[in-house]
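2 protein chains.
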Amino acid sequence: MVIAHEQLFQFTKSVLIAAGCPEKEARLAAEVLLSADLRGVDSHGVARLKGYIRLMDKGRVNTKPETKVIHETPSTAVLDGDAGLGLVVGPEAMRLAIDKAKQVGTGWVSVRNSNHFGIAGYHSMLALKDDCIGISMTNASPLVAPTFSKERLLGTNPIAVAIPADKEPPFVLDMATTTAANGKLEVLQRKKAEAPSGWVQDADGNPTVDPLGVKNGGALLPLGGDREHGSHKGYGLSSVVDIFSAVLSGANYGPWVPPFVAFMEPAADPVGKGIGHFFGAMRIDAFRPGGEFKSHMDNWISRFRNAEPVIKGHDVLIPGDPERKLEQKYRTEGVPLLDPVVEDLKELGSRFEVNFPT
Amino acid sequence: MVIAHEQLFQFTKSVLIAAGCPEKEARLAAEVLLSADLRGVDSHGVARLKGYIRLMDKGRVNTKPETKVIHETPSTAVLDGDAGLGLVVGPEAMRLAIDKAKQVGTGWVSVRNSNHFGIAGYHSMLALKDDCIGISMTNASPLVAPTFSKERLLGTNPIAVAIPADKEPPFVLDMATTTAANGKLEVLQRKKAEAPSGWVQDADGNPTVDPLGVKNGGALLPLGGDREHGSHKGYGLSSVVDIFSAVLSGANYGPWVPPFVAFMEPAADPVGKGIGHFFGAMRIDAFRPGGEFKSHMDNWISRFRNAEPVIKGHDVLIPGDPERKLEQKYRTEGVPLLDPVVEDLKELGSRFEVNFPT
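The listed protein sequences correspond, in order, to chains Z and P. First residue of the first sequence? That's 1 in full-length UniProt numbering, and the numbers climb one at a time after it. First residue of the second sequence? That's 1 in full-length UniProt numbering, and the numbers climb one at a time after it.
Just so you know, not all the hints are guaranteed correct.
Claimed, not checked - With beta-carbon atoms standing in for the labels, derived distance ranges:
hint, chain 1, residue 1, chain 2, residue 2, range
1, P, Glu-308, Z, Arg-54, 40 to 46 Å
2, P, Asn-355, Z, Asp-321, 56 to 62 Å
3, P, Asp-269, Z, Asp-321, 22 to 28 Å
4, Z, Ala-203, P, Pro-357, 28 to 34 Å
Said to hold, decoys possible - Taking lysine-lysine and the PhoX-like style, the derived pairs with C-alpha atoms no more than 20 Å apart in a straight line are:
hint, chain 1, residue 1, chain 2, residue 2
5, Z, Lys-102, Z, Lys-58
6, Z, Lys-273, Z, Lys-68
7, Z, Lys-294, P, Lys-273
8, P, Lys-273, Z, Lys-273
9, Z, Lys-294, Z, Lys-129
What the hints contain is simulated information worked out from the structure, not anything from laboratory work. A quick note: this is a predicted structure, and the numbers were derived from the prediction, not measured. By construction, the Cβ of each residue, glycine as well, lies at the ideal position given by its N, Cα and C atoms.
Sequences are here, hints too, so could you generate the full structure?
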């Protein structure tokens, strides 16, 4: 079905309030989830609402967290998320990074004791209206095997970078450090189609085109796919995300990161608290006058967008273009939801006595 | 031939002095070049000495630069390299980043008006002895086509991240944002072997396995290789390197970056000065006590290194492991040089009246 985004937002917010979140936090969390659906990243949108609620049921998500800065310098901080929703802890940490950037040029905040923060791009884009470059990353449940490893030790560990321009829309890179996101595999599973080579390995560590490979004990592969195509680089980038998010903050890292799914128990021997995120804000005028920077960004963007394409009509895209186009469409026409997602939401609606809009 | 690294260092330094560099700068530049040869990244070592000298002959490299901080805040600076060797400007900018980290927790320096800075890993590793995480990146001559583009608009734009540990050696990621470095293609050209798919496209933008594809008007491909395998992510990362290095600093970006080879003229319509770099230093104790961080890094490293391998005996590597192993070997046994490199060095020796060691 297709549903107006305001209605979906109100429903999501109401469910979160009924589940125990204060109004302000519920509103923010719903906004972050909706921003994923609007940008076409539906794997990180309301489809995950049931997952978050299950973590609350298990006591693994604290609906009323008291976050705390546990260490700081003029340009850095470590924030303890008190086991709150990453959807709420993330924007608070990004705000702190931006405030530090206002003071000393840049701000860098590592977060421990948090949970899944949703779509990485949302957090990085918070910096744009303050004329900052925004950076956000997070570690995640171990589903990815390093190059040469049979074991899954890393998450899809995304990196998002948002850079303001003037007349052009902002540059917004938001990427998992794997060849393909888990959501794309799920699409292939539903279609019973094969996965391209380089996406998945099986339980023995051999390449496979089976989209069920990960579910059957295999692993997602780092960007690059195999050694010959640079998987050691994807593995290296994912590792940097893990270390910045969790070793700097005191969260769990690598195979110790608690799983998002409530039916799997967290490691019995944690090396830190919860999952970790990392945020950065760099004021553009801490480097050169803002107007100058932005007009050169416009020039960068238009030169790349107007590059000669390999196939006529199939133009070169700027990071953020496809998501922005979808958002324009979905804001007007409504957000499409898959049937299983609608079922889940209706179930939540009836449990929490919130009407699902029809 | 194989040559003792001290002898190669002395020779390189003497050539640079004879070419007009002050003793201190010549020593530093020779050290950076040698560090590449010692780490097995021979494409960025003394093999490039002739190229730098040719740029001096053309007046494109200034042997006696007067670098200048043109903008700064407590945690940021922009450094103008006065057209000096990147090999010398790079370490100065990194030093500035470290000094700022000592003051306010982190330091971030964008550099304009520079030249090729050699091996990215060298600069990032400068931060380690001050218990900082070091980050270095640079833009480079346009050889890489963005996803869907026929044109070459980006360089191999490397990212290096060095992270200190305690008993374990440091984590040192040093990667081009392409599937494969240009040096690897040159090896295949000499062997007359085919390149793997996903490394190169031809002049029409079609995939090719011809290792001469780039020389014949084609392009290197961003990490990922093609859209299905995530080349838009490699393109995005390379773009971030270009923007941080050049749009923040006021250097040339994208297709305007001056070519390293002296026989190609820089763009007639530059959008900035020289090429750009970007450096970062983050003090680990700006986030948590240094000892705590380092002992968790040891744990991270040993857990990953001891992961169950796909092939028995073919262990999981930590970024920096292969290069460190080669450095141990080459420091003892001498640095291997290819015949054409020896010829170039002998030619430089006879031009500058410096004896090439035999």
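Hints, one by one, checked against the model:
no. : hint                                 : result
1   : P:Glu-308 with Z:Arg-54: 40 to 46 Å  : violated, 30 Å
2   : P:Asn-355 with Z:Asp-321: 56 to 62 Å : holds, 58 Å
3   : P:Asp-269 with Z:Asp-321: 22 to 28 Å : holds, 26 Å
4   : Z:Ala-203 with P:Pro-357: 28 to 34 Å : violated, 54 Å
5   : Z:Lys-102 with Z:Lys-58              : violated, 39 Å
6   : Z:Lys-273 with Z:Lys-68              : holds, 13 Å
7   : Z:Lys-294 with P:Lys-273             : holds, 17 Å
8   : P:Lys-273 with Z:Lys-273             : violated, 47 Å
9   : Z:Lys-294 with Z:Lys-129             : holds, 13 Å
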